[in-house]
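K.L.:
Line order of the protein sequences matches chains S and P.
Just so you know, we're using this note's numbering here: the first sequence kicks off at 772 and counts up by one.
Just so you know, we're using this note's numbering here: the second sequence kicks off at 772 and counts up by one.
Some hints here could point you the wrong way.
One-sided excerpt, in silico: chain S residues whose CB lies under 7 Å from chain P [stated by the list, open to error]:
| hint | residue |
| --- | --- |
| 1 | 799 |
| 2 | 803 |
| 3 | 1043 |
| 4 | 1047 |
| 5 | 1049 |
| 6 | 1088 |
Selected chain P positions facing chain S (in silico; Cβ < 8 Å) [said to hold, decoys possible]:
| hint | residue |
| --- | --- |
| 7 | 821 |
| 8 | 825 |
| 9 | 1043 |
| 10 | 1049 |
| 11 | 1069 |
| 12 | 1072 |
| 13 | 1084 |
| 14 | 1085 |
| 15 | 1089 |
Pairwise CB distance ranges (calculated) [claimed, not checked]:
| hint | chain 1 | residue 1 | chain 2 | residue 2 | range |
| --- | --- | --- | --- | --- | --- |
| 16 | S | 899 | P | 1071 | 43 to 53 Å |
| 17 | S | 942 | P | 988 | 46 to 56 Å |
| 18 | P | 865 | S | 865 | 45 to 55 Å |
| 19 | S | 865 | P | 1022 | 39 to 49 Å |
| 20 | S | 780 | P | 1071 | 38 to 48 Å |
| 21 | S | 942 | P | 804 | 15 to 25 Å |
| 22 | S | 880 | P | 898 | 41 to 51 Å |
| 23 | S | 780 | P | 1033 | 29 to 39 Å |
| 24 | S | 1086 | P | 778 | 42 to 52 Å |
| 25 | P | 1071 | S | 901 | 46 to 56 Å |
| 26 | P | 997 | S | 1084 | 34 to 44 Å |
| 27 | S | 789 | P | 991 | 50 to 60 Å |
Everything labelled a hint here was simulated from the structure, so no lab data went into it.
In this text, a Cβ means the ideal position worked out from N, Cα and C, and glycines have one as well.
Number of protein chains: 2
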Amino acid sequence: MQPSIHEPSLDDIRDAAARIAPYAHVTPVLHSRSLDALAGCELYFKAEQLQRIGAFKFRGASNAVFGLSQEQAARGVVTQSSGNHGAAIALACRLRGIAAHVVVPRSAPRIKLAAIADFGARIVPCEVAQADRDRVTAQVLAETGGELVHPFNDARVIAGQGTATLELLQQVPALDAVIAPVSGGGLLSGTALAAKGLRPEIAVYGAEPEQAADAYESLRQGRRITDMTPNTICDGLRAHLGPLPFAILGRHCEAMLLASEAEIVAAMRLLWERLKQVVEPSAAVPLAAILRHAARFRGQRVGVILSGGNVDLDALPWTPGVGTPP
Amino acid sequence: MQPSIHEPSLDDIRDAAARIAPYAHVTPVLHSRSLDALAGCELYFKAEQLQRIGAFKFRGASNAVFGLSQEQAARGVVTQSSGNHGAAIALACRLRGIAAHVVVPRSAPRIKLAAIADFGARIVPCEVAQADRDRVTAQVLAETGGELVHPFNDARVIAGQGTATLELLQQVPALDAVIAPVSGGGLLSGTALAAKGLRPEIAVYGAEPEQAADAYESLRQGRRITDMTPNTICDGLRAHLGPLPFAILGRHCEAMLLASEAEIVAAMRLLWERLKQVVEPSAAVPLAAILRHAARFRGQRVGVILSGGNVDLDALPWTPGVGTPP
Chain S
772 MQPSIHEPSL
782 DDIRDAAARI
792 APYAHVTPVL
802 HSRSLDALAG
812 CELYFKAEQL
822 QRIGAFKFRG
832 ASNAVFGLSQ
842 EQAARGVVTQ
852 SSGNHGAAIA
862 LACRLRGIAA
872 HVVVPRSAPR
882 IKLAAIADFG
892 ARIVPCEVAQ
902 ADRDRVTAQV
912 LAETGGELVH
922 PFNDARVIAG
932 QGTATLELLQ
942 QVPALDAVIA
952 PVSGGGLLSG
962 TALAAKGLRP
972 EIAVYGAEPE
982 QAADAYESLR
992 QGRRITDMTP
1002 NTICDGLRAH
1012 LGPLPFAILG
1022 RHCEAMLLAS
1032 EAEIVAAMRL
1042 LWERLKQVVE
1052 PSAAVPLAAI
1062 LRHAARFRGQ
1072 RVGVILSGGN
1082 VDLDALPWTP
1092 GVGTPP
Chain P
772 MQPSIHEPSL
782 DDIRDAAARI
792 APYAHVTPVL
802 HSRSLDALAG
812 CELYFKAEQL
822 QRIGAFKFRG
832 ASNAVFGLSQ
842 EQAARGVVTQ
852 SSGNHGAAIA
862 LACRLRGIAA
872 HVVVPRSAPR
882 IKLAAIADFG
892 ARIVPCEVAQ
902 ADRDRVTAQV
912 LAETGGELVH
922 PFNDARVIAG
932 QGTATLELLQ
942 QVPALDAVIA
952 PVSGGGLLSG
962 TALAAKGLRP
972 EIAVYGAEPE
982 QAADAYESLR
992 QGRRITDMTP
1002 NTICDGLRAH
1012 LGPLPFAILG
1022 RHCEAMLLAS
1032 EAEIVAAMRL
1042 LWERLKQVVE
1052 PSAAVPLAAI
1062 LRHAARFRGQ
1072 RVGVILSGGN
1082 VDLDALPWTP
1092 GVGTPP
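Can you make the complete structure from the sequences, with help from the hints?
P.N.:
Shown next as structure tokens:
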């Protein structure tokens, strides 16, 4: 997929917020005394599991879709995703009344396909290998003349994801730090650009599963690592860091903090028990990282992006027999 | 237990709101397009699972505890409860810095005892039979000279529970109906008094498990039925309607609506999947009743009290082998 590669500005993020305002929810910020006591700092959870489609992905997708010219829009939108981005593109295109073509590997769970199809998108199956995904995507682009909206390596998508942090800093202005999970890097890039743009003294952290630590390694080594095989329960965090996020995060991100699979599951359970929120494993990685690196956050006011809440209630990680990464 | 039996007024509820404001959370109202579509009406969920101790019970308990004179308070508070009311009394007493004595049957789950003990309350064990609970409670009252705060048959507690609906009608003024689960009737009584006081044209409904339908039968027969044996997954809804709630509900309640165990579990799952909220089975009974009696609510704006979110994540009702009522 050929991405849109210029780096978005704070104004781009403000424009995105205005563009998506008629469609996206302003999500609440949640707080828990008992989690604060446990972490030794003040945690402000930006509840993107309450965003439309149950994840922040709707912000970036709707910014891209509603930013298209009439002429572009008429040819439809193409993307590849078996997860929340696919559903987000499908819903945004339905709301704009244009065609969506989502390239999905045959291995994708039925339930995710159903979410995408329910919003009226055309599902184009492909094989699991990235080369085949790219081949089929190119085919659909050629055939339709549609607009590619990449899940993370796209300035419009990054600007859209940044609107969550724009809101968060309006809701809780005096944050010392903000932390978001990292996979392809779209959310964390938008988070960093919004946070640093509004409040240069803020520290921005990425949170990543130890067993999918390509962003950690990429920033450490100063080059993009794309040959690691992720082995994590976090189905939303298995992509490799994109080139545009890599460039943005290298400049704006304080550190990537890791957490083990067991720490992620424990943090997820804490969010269910104490915050009463259904969040997916990916959304629990920031809390897991904060608890592991508690000294770094002691006494601070920390914004935490809860990225989404789409989880299979029949296969929770603490159910006996579940919880081992695939 | 000898209850405080006068019926609270709207002013009592307003006083309660002012009294508990420094301690209780103003909980948000949640909304879901997909649940609205499913129900055929607009649902406004008052999120009491986000209240302190994870349930509405903190409102009534803190109103009673902070309403005591210095002299009364010095002798401590006595109650009997193995559930959320016990934890709520324990926390309210800790916040006021006074003693709490909670009479708890030996059968109570360890996790609930731990919640009560964590807030510093004295746990007084008793046998399961109601007669023994009452005997031990009377003993503790005699021994301490403490103040009895009954979980539901108490005007101070009812006024406190009513503050949830006071808030709800400030947050969403033009409701056609409001619905809350009923067990002993404290929450539903407070709901009815606040709703009818502020908005006489509103319809107030109780929601009750078919397999614990003593309130339904009591209102139908015009006399309090206290010899039914509840057989429901809703551990918060196994008490019999109290005399004071019985009197209040007979005047102010449109109807009691029933739901089966399977309908309750399905509604609970919907709240987890669509609203992303961890709610306990009791809190799902109103949605289950709305979906069963959909014609009655068609096109209306309906307030729904989500009563609490304290649930054992290792024994969810859709886990194989769980879900059969005890």
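K.L.:
Restraint: residue 1084 (chain P) near chain S, CB-CB cut 8 Å. Satisfied or not?
P.N.:
Since chain S brings a Cβ to about 6 Å from residue 1084 (chain P), closer than 8 Å, the hint holds.
K.L.:
Falls inside 43 to 53 Å, the C-beta gap from residue 899 (chain S) to residue 1071 (chain P)?
P.N.:
Since residue 899 (chain S) and residue 1071 (chain P) have Cβ atoms about 48 Å apart, the given range 43 to 53 Å holds.
K.L.:
Holds or violated: 42 to 52 Å for the Cβ distance of residue 1086 (chain S) and residue 778 (chain P)?
P.N.:
holds (49 Å)
K.L.:
Given a cut of 8 Å on the nearest C-beta pair, is the interface hint for residue 1089 (chain P) held or broken against chain S?
P.N.:
Cβ of residue 1089 (chain P) sits 7 Å from chain S, so the hint holds.
K.L.:
Verify the CB-CB distance for residue 865 (chain P) and residue 865 (chain S) against the hinted window 45 to 55 Å.
P.N.:
The hinted range 45 to 55 Å holds for residue 865 (chain P) and residue 865 (chain S), with Cβ atoms some 51 Å apart.
K.L.:
The hint names residue 1072 (chain P) as touching chain S; please verify it with the least Cβ-Cβ distance against 8 Å.
P.N.:
violated (19 Å)
K.L.:
Would you say the C-beta atoms of residue 780 (chain S) and residue 1071 (chain P) sit inside 38 to 48 Å of each other?
P.N.:
For residue 1071 (chain P) against residue 780 (chain S), whose Cβ atoms are near 46 Å apart, the range 38 to 48 Å holds.
K.L.:
Between residue 1071 (chain P) and residue 901 (chain S), does the C-beta distance stay in 46 to 56 Å?
P.N.:
With Cβ atoms ~50 Å apart, the hint holds.
K.L.:
Hey, does the residue 821 (chain P) contact hint survive, CB to chain S under 8 Å?
P.N.:
holds (6 Å)
K.L.:
Given residue 803 (chain S) as an interface hint, is its Cβ closer than 7 Å to any Cβ of chain P?
P.N.:
violated (9 Å)
K.L.:
Could you check if residue 825 (chain P) really has its C-beta closer than 8 Å to a C-beta on chain S?
P.N.:
holds (6 Å)
K.L.:
Next item in the hint list is residue 1049 (chain P). Is there a CB on chain S closer than 8 Å to its CB?
P.N.:
With Cβ-Cβ at 4 Å, under 8 Å, it holds.
Of the numbered hints listed earlier, those contradicted by the structure are 2, 6, 11, 12, 23.
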